[in-house]
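Chemist: Going down the list, the sequences are from chains A and B.
Quick note on this note's numbering: the first sequence kicks off at 1 and runs consecutively.
Quick note on this note's numbering: the second sequence kicks off at 1 and runs consecutively.
FYI, nobody ran anything at the bench for these hints, they're computed from the structure.
You can take every hint at face value.
One copy or two, either will do: identical chains are not told apart, so a pair holds if it fits within one copy or between any two.
Derived lysine to aspartate or glutamate pairs resembling EDC-like cross-links, with alpha carbons at most 16 Å apart:
1) 29 to 264
2) 29 to 126
3) 255 to 290
4) 42 to 137
5) 42 to 245
6) 255 to 289
7) 155 to 264
8) 255 to 245
Number of protein chains: 2
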Amino acid sequence: MQLVTELLGGNRRALARLITLVENGDPLKNEILQSLYPHTGKAYVIGITGAPGSGKSSLVDRLLQEMRGAGLTVGVVAVDPNSPFTGGAILGDRIRMQDHALDRGVFIRSMGTRGSLGGLSRATRETIQLLDAFGKDLILVETVGVGQSEVDIVKTADTTVVVLTPAGGDSVQTLKAGIMEIADIFVINKADLPGTERAAAEVSAMLDLKSCCDWRPPVVPAVSTRGEGIGALWQSVQEHREYLEKSGRLLEIRKERISRELTEQVEHLVKTMVWEKIKVRMTLGSLVEEIALRRRDPYSAARELLAQIEFPVP
Amino acid sequence: MQLVTELLGGNRRALARLITLVENGDPLKNEILQSLYPHTGKAYVIGITGAPGSGKSSLVDRLLQEMRGAGLTVGVVAVDPNSPFTGGAILGDRIRMQDHALDRGVFIRSMGTRGSLGGLSRATRETIQLLDAFGKDLILVETVGVGQSEVDIVKTADTTVVVLTPAGGDSVQTLKAGIMEIADIFVINKADLPGTERAAAEVSAMLDLKSCCDWRPPVVPAVSTRGEGIGALWQSVQEHREYLEKSGRLLEIRKERISRELTEQVEHLVKTMVWEKIKVRMTLGSLVEEIALRRRDPYSAARELLAQIEFPVP
Numbered sequence: 001m002q003l004v005t006e007l008l009g010g011n012r013r014a015l016a017r018l019i020t021l022v023e024n025g026d027p028l029k030n031e032i033l034q035s036l037y038p039h040t041g042k043a044y045v046i047g048i049t050g051a052p053g054s055g056k057s058s059l060v061d062r063l064l065q066e067m068r069g070a071g072l073t074v075g076v077v078a079v080d081p082n083s084p085f086t087g088g089a090i091l092g093d094r095i096r097m098q099d100h101a102l103d104r105g106v107f108i109r110s111m112g113t114r115g116s117l118g119g120l121s122r123a124t125r126e127t128i129q130l131l132d133a134f135g136k137d138l139i140l141v142e143t144v145g146v147g148q149s150e151v152d153i154v155k156t157a158d159t160t161v162v163v164l165t166p167a168g169g170d171s172v173q174t175l176k177a178g179i180m181e182i183a184d185i186f187v188i189n190k191a192d193l194p195g196t197e198r199a200a201a202e203v204s205a206m207l208d209l210k211s212c213c214d215w216r217p218p219v220v221p222a223v224s225t226r227g228e229g230i231g232a233l234w235q236s237v238q239e240h241r242e243y244l245e246k247s248g249r250l251l252e253i254r255k256e257r258i259s260r261e262l263t264e265q266v267e268h269l270v271k272t273m274v275w276e277k278i279k280v281r282m283t284l285g286s287l288v289e290e291i292a293l294r295r296r297d298p299y300s301a302a303r304e305l306l307a308q309i310e311f312p313v314p
Numbered sequence: 001m002q003l004v005t006e007l008l009g010g011n012r013r014a015l016a017r018l019i020t021l022v023e024n025g026d027p028l029k030n031e032i033l034q035s036l037y038p039h040t041g042k043a044y045v046i047g048i049t050g051a052p053g054s055g056k057s058s059l060v061d062r063l064l065q066e067m068r069g070a071g072l073t074v075g076v077v078a079v080d081p082n083s084p085f086t087g088g089a090i091l092g093d094r095i096r097m098q099d100h101a102l103d104r105g106v107f108i109r110s111m112g113t114r115g116s117l118g119g120l121s122r123a124t125r126e127t128i129q130l131l132d133a134f135g136k137d138l139i140l141v142e143t144v145g146v147g148q149s150e151v152d153i154v155k156t157a158d159t160t161v162v163v164l165t166p167a168g169g170d171s172v173q174t175l176k177a178g179i180m181e182i183a184d185i186f187v188i189n190k191a192d193l194p195g196t197e198r199a200a201a202e203v204s205a206m207l208d209l210k211s212c213c214d215w216r217p218p219v220v221p222a223v224s225t226r227g228e229g230i231g232a233l234w235q236s237v238q239e240h241r242e243y244l245e246k247s248g249r250l251l252e253i254r255k256e257r258i259s260r261e262l263t264e265q266v267e268h269l270v271k272t273m274v275w276e277k278i279k280v281r282m283t284l285g286s287l288v289e290e291i292a293l294r295r296r297d298p299y300s301a302a303r304e305l306l307a308q309i310e311f312p313v314p
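Construct the entire structure; sequences and hints are all you get.
Modeler: Structural data, given as structure tokens:
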């Protein structure tokens, strides 16, 4: 495929177009991802999540500068599970893209959805693969919020940074278990505000309760608008990467991810097949009608549908 | 099954135990839901969603009183997608359960998860079915937050109430498209705070942009801590129900829901079957290893797995 060859040759426009094709579930999607797969696995993926207003975007911007300063190329995937917009540039990203528009070492992509979260985390993963095949050294995945949706998306990252602020709304008190578990590094942003030390102490206290693991997430104070603490954050990211590589954890994490991807791919194929078969043979309208009238139930109806396409159900 | 008979006989303990069985994915789960299905479809389901701190819980409490005053029985499912806790009583619900502990017309259940959102919305739907079969007239589904996760959960409701406040954090500005689309009624809670009129005007302006539909979501100001506006909210809920019933929309909505449930049930059965077969014949470890080394790719590997269990893939 022409576009694939162009992407591998470093053509940014081909990259952008392939991301769009993959996002839109183009019929050629699997073929594209399959042919690029041998070229993936080199990029290191860093997830950054934090509540709206935690100054996450400016943190990512500063971190980006730090990484570029170290001579590394960077892809950014900015994910907003609540935004219906997807594509090139939205909101703040417009400004950010201007900043980096002339820098060919940076590629920024925004993603949002009206659809399911499953669809969004899948699209995020696939975009990461394209950026990886394109040859980016680092990929930053930025997600808004600290809910389950973000946990799912961030599972794609090798290192996960959780951004907090000393202020009330998104303080440690409201931190949910899911986020505590995925954080490899904590940033207390807006560390010029009162309450920073207390917030840091609270995170430390929570970490003390965790008995597990060799890596203790560091707590990095930062003032991203002034660029303070960004060097320390970048240092922590590198240390975490080193830890993962030396301990063999990186390979483990990536195998777990591949295992999830393989599972998803199998289920995707199976579902597609089954529905194709079912839809050739029957329309579901009357069945739904019968269930609505409580003359039937969806549990036995599902079995019957599968029996009709000769799918063996126990 | 003894517990099913007991639930249908009005035994609260049987209800609570069956919810737990279903939540935990007990092997008898499908059998339970199937035998209760003919007894469902009578309850009216009201979804209430709003950001943390919007006073949603006290609103639900007051609404509950209003509904009980009208002589209706109520089931409450309090869902927190970010909470790892599930079961009887958590946090604020402890207090609420005390308030209603002696009222046999009310049944409250909290749900949370560390797992997938898909799992949570499924468990919510199934709990609603149990409460429905138990004979509750109304079921309130309360979810924290205004993200995609809540949108998915709220899809189970006949009427959806979105709770806003005049204050900055969760104001109309930050309202995402997904939430605008699912709201049947807006509540501006904490309406004694400044900015209420502006917030209401902003919502109205957004609604003006929506060209569609016969039902225009009303905007109800309330001060839930003092019980103000609760009568008007209850009135709006009843009007919306009437609209849905008279226009035939209610049947449509419920058929769409059944269609989704049937789809999920088919896919669930198929996935279970396929993985049982795959796991009998092979272990995936070495395949994952090969993919990790980029000697293979997950797309062709998924096809091969299915070929090995003789599942016909195009």
